[in-house]
Amino acid sequence: MTSVVSDRARPSVLSTPAVRQILRRNTYAVVPLAMLIVLFIVNAAVQPQFLAQHNWATSMSVLCPTVLTAMAMTLPVLSGNGGIDLSVGPLAGFMSVLISTLLVPAGITSPLTVIPIVIVFGLLSGAITGVLVAYVRLPAIIATLGMYLFYDGLGTEVLPQAGGSVPVWLVKLNGSVGPIPAVWVVFAVIALLWTLVSRGSYMRNLLAVGGDERTSYTAGVNVARLRLVTYSMGGLLACLGGLMLTGLIQGGDGTVGPPYTISAITAVALGGISLAGGRGGLLGGALGGGVLFLIQELLTDAHVSVYSVSVVDGIILIGALALNGTVEYLRRRSSVSRR
Amino acid sequence: MEGLSRSFGETRALNSATLRVRPSEIHSLVGENGSGKSTLIKILSGVLRPDSGTLVWEGEARQLGSPRSAQGMGIATVFQETLIVPEMTVRDNIYLGTDGLFRSGHRKGDEIAGARQALSDLGMDGLDLDRPMWTLSLAERQLTTVARAIIRPWRLLVLDEATSALDAQQRDRLFDYLRLARSQGRSVLFTSHRMDEVLGLADWITVLRQGATVATMGASEASRGGILGHMSGREAHADPAVAEPGPRRGGAGQQSPQRPVLRVAELTLRAASKPISVEVRAGEILGLAGLEGQGQVGFVECLCGLRRPVDGQVLALEDNGETHVVRSYRGANRLGIRYVPRDRRYEGLFGPLSVFDNFAITLWGDLSRLGLLRRQQARKRFADFAESSRLVSASPSRTISILSGGNQQKVLLGRWIAMRPRVLVVNDPLRGVDHNTKEELYGLFRRLAADGVAIIFLSTEIAELLTLTDQIAVFHEGSLVAMLPTEMSSDTDVVAAMFGADKHDGSADD
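Quick note, the sequences are listed as chains A and B, same order. Each step along the first sequence adds one to the number in numbering that gives the first Met the number 0, with nothing skipped, and position 215 is 214. Each step along the second sequence adds one to the number in numbering that gives the first Met the number 0, with nothing skipped, and position 200 is 199.
Excised from the complex, chain A in its bound form (with noise of 0.2 Å):
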């Protein structure tokens, strides 16, 4: 009896168009934004300084490097056919080793200059990883594997420990504004840029060619440079990963960047986004990696040690993919059974 109460009474409130809509678009981010706010309350009832001011600016910097290569990770996964880049940890990485070693030495240290190199470096090696993917036709997981190795050498080579120096303001950036911690403007100055970018098509072809390909280009979307954008747009984002980095270790460190790769894997998968591509959008990413970041503070409250942490790591990777099985065959037939 209670069943048909609710059931009456809950379209009044969903069934606006513009409602549905939103719901409809983002449905595969309801898991994973539910995980965020179930593990925000967790945290915040077993560390009672979890909520504090300091701390709250500290953990949305720590969090914001993993947010960004997550991210970054999200747009060539949906562009489908096997898309990753497994660049994106190394290459955040080689951020930092070249504004410390390169950038500040030479003088270079102007936000005006320093921000506008960042970007160029990454849609530049973000475009050579995606040339190769599409008109090479190389596959995706070789082709970015080699990126990965040799932005890790490179890295290592010329900075095999933390050192170097940063500009100030990069740091800042780690810290606060007012009572605002300053890596909310990064974020929202991406979600503005990202908001503008899928108002138009980008996303529509993006998600088409993910979810069939054939149908894509016999329908008139230039396929392969639609990737080449896309791994273009995924460099840029990994790159500003690597600059939020650069700030938060206050250096350089050829060796900081890799582990970022397995944890933007891990938080693509626990976003929601299906790693066969087309279903899934660049919040799922962000969700993902706030998702991951969380699970690791409740850890290291618990003082399990690093080594456990990366068998969590792996438990939860496998475990999102499962979950996304699970969600989506349940999503499946409660639709078919519906109609």
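Hint data in this document are derived by calculation from the structure and do not stem from the laboratory. Just so it is clear, the structure is predicted and the values come from calculations on it, not from any experiment. Beta carbons are placed, not taken as given, at the ideal position from N, Cα and C, and that holds for glycine. Worth double-checking, as some hints may not be accurate.
[Unchecked claim] Derived Cβ-Cβ restraints for the label pairs, each shown as a range:
| hint | chain 1 | residue 1 | chain 2 | residue 2 | range |
| --- | --- | --- | --- | --- | --- |
| 1 | A | V41 | B | F349 | 50 to 56 Å |
| 2 | B | S136 | A | H302 | 36 to 42 Å |
| 3 | A | R136 | B | R102 | 46 to 52 Å |
| 4 | A | P258 | B | L100 | 44 to 50 Å |
[What the hints assert, rightly or not] Chain A residues, not near chain B, derived (Cβ > 10 Å throughout):
| hint | residue |
| --- | --- |
| 5 | N25 |
| 6 | E156 |
| 7 | W183 |
Fit chain B to the supplied structure of chain A, relying on the hints for placement.
Chain B only, in chain A's frame:
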């Protein structure tokens, strides 16, 4: 389009084909399987590029670099496969590809109105544009792909078997739309496996055979028989005896009627198709024919337990009178029903292994005892097989890749024959085999039949069926529409049945 040629490796799919479509015209392209229809359409839609030949569009020679450039010129194509993005909405599927990379091609409101209009033209007024594509029925999906084509500013609409999933009412609605478009000066090029559609809708008809244009005629002067004759390369109503080239089967077929070994009881392949009942006797060679996708492959897969029919059963009849239902592939194997799949070159050949190992790989299950292989017995079977198939091989221990294509095929067939099947089901086994090897393999099949093996032989080549089989079962739209005794049938009879013989026309649906 003139003098178009296109080869795939050594296969020449199109050989100087010519096609001329005028404004305000509905033009039908007909031909048997493999006559080059689909290749021609892929060239026209920008998916494939021709090796030679020119495309003249509105008086100018043009090159089509991609589907997008074809659409830009005004050629919109609906492909044979129902191409959709399952996760996306109906509206997104319809307007897919009309945008730039970042910039939308249309306002959202215009898209909604345009999609509504197109769907309503096709008789799908109530369809929710926000529904994900995978929730639609097959017919709705197919009509959505048509809608995707007609919302573009087209002047030539190409439909490649675009009505296969539609019911009679939906088809009529589509045809009305096409006639209306013709009256507005636009042209349509379509292929269909239904002869009544070709004769009822087209103004002009172009017939392709073996990649070349063999006839172009006005619909008023065309007759069913004339078209069929052009497709098969023989005059209509010719003496059946003419269609009797190669040698017929030897004495084996004339023996007293053999016992049945396989019975198909009321087998229904698709929801709307008629149940099929057939009996196959030991020593009989039953041919299966039909245009692409008419159910013959599904039928074969049901026979060997790879697919579950909608309804009905496949029964294997043992010598001792016992009857078993075929329920699974393993079960079928245990009952002596062996299936040789179609893509043997890719699915069945172990390149680095020797000729002998390739042959014997299926035998070890039968021939091993306590986990030990009995090589001697396998060698004997190989020797028998090499003898009977005239397999030319330097040494059985050489790798199989040194053999000619034809000899590789022989080894692969031999692998299944060596298992001593009661029923051998083969799916287009002689595709791409040269003439002499073909003759030798015909001999191999005939000897097998003479030994009492029932052979079910699916082929896309009618001449092959006429040469080898005792009876030919013809499939159309998931039903068995004709059972032709080979001796009394001609090429034209088979083709006519493949396109749906007279009495089945129009009644095939629901």
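Verification of the hints:
| no. | hint | verdict |
| --- | --- | --- |
| 1 | A:V41 x B:F349: 50 to 56 Å | holds (55 Å) |
| 2 | B:S136 x A:H302: 36 to 42 Å | violated (57 Å) |
| 3 | A:R136 x B:R102: 46 to 52 Å | violated (27 Å) |
| 4 | A:P258 x B:L100: 44 to 50 Å | violated (33 Å) |
| 5 | N25 | holds (13 Å) |
| 6 | E156 | holds (37 Å) |
| 7 | W183 | holds (27 Å) |
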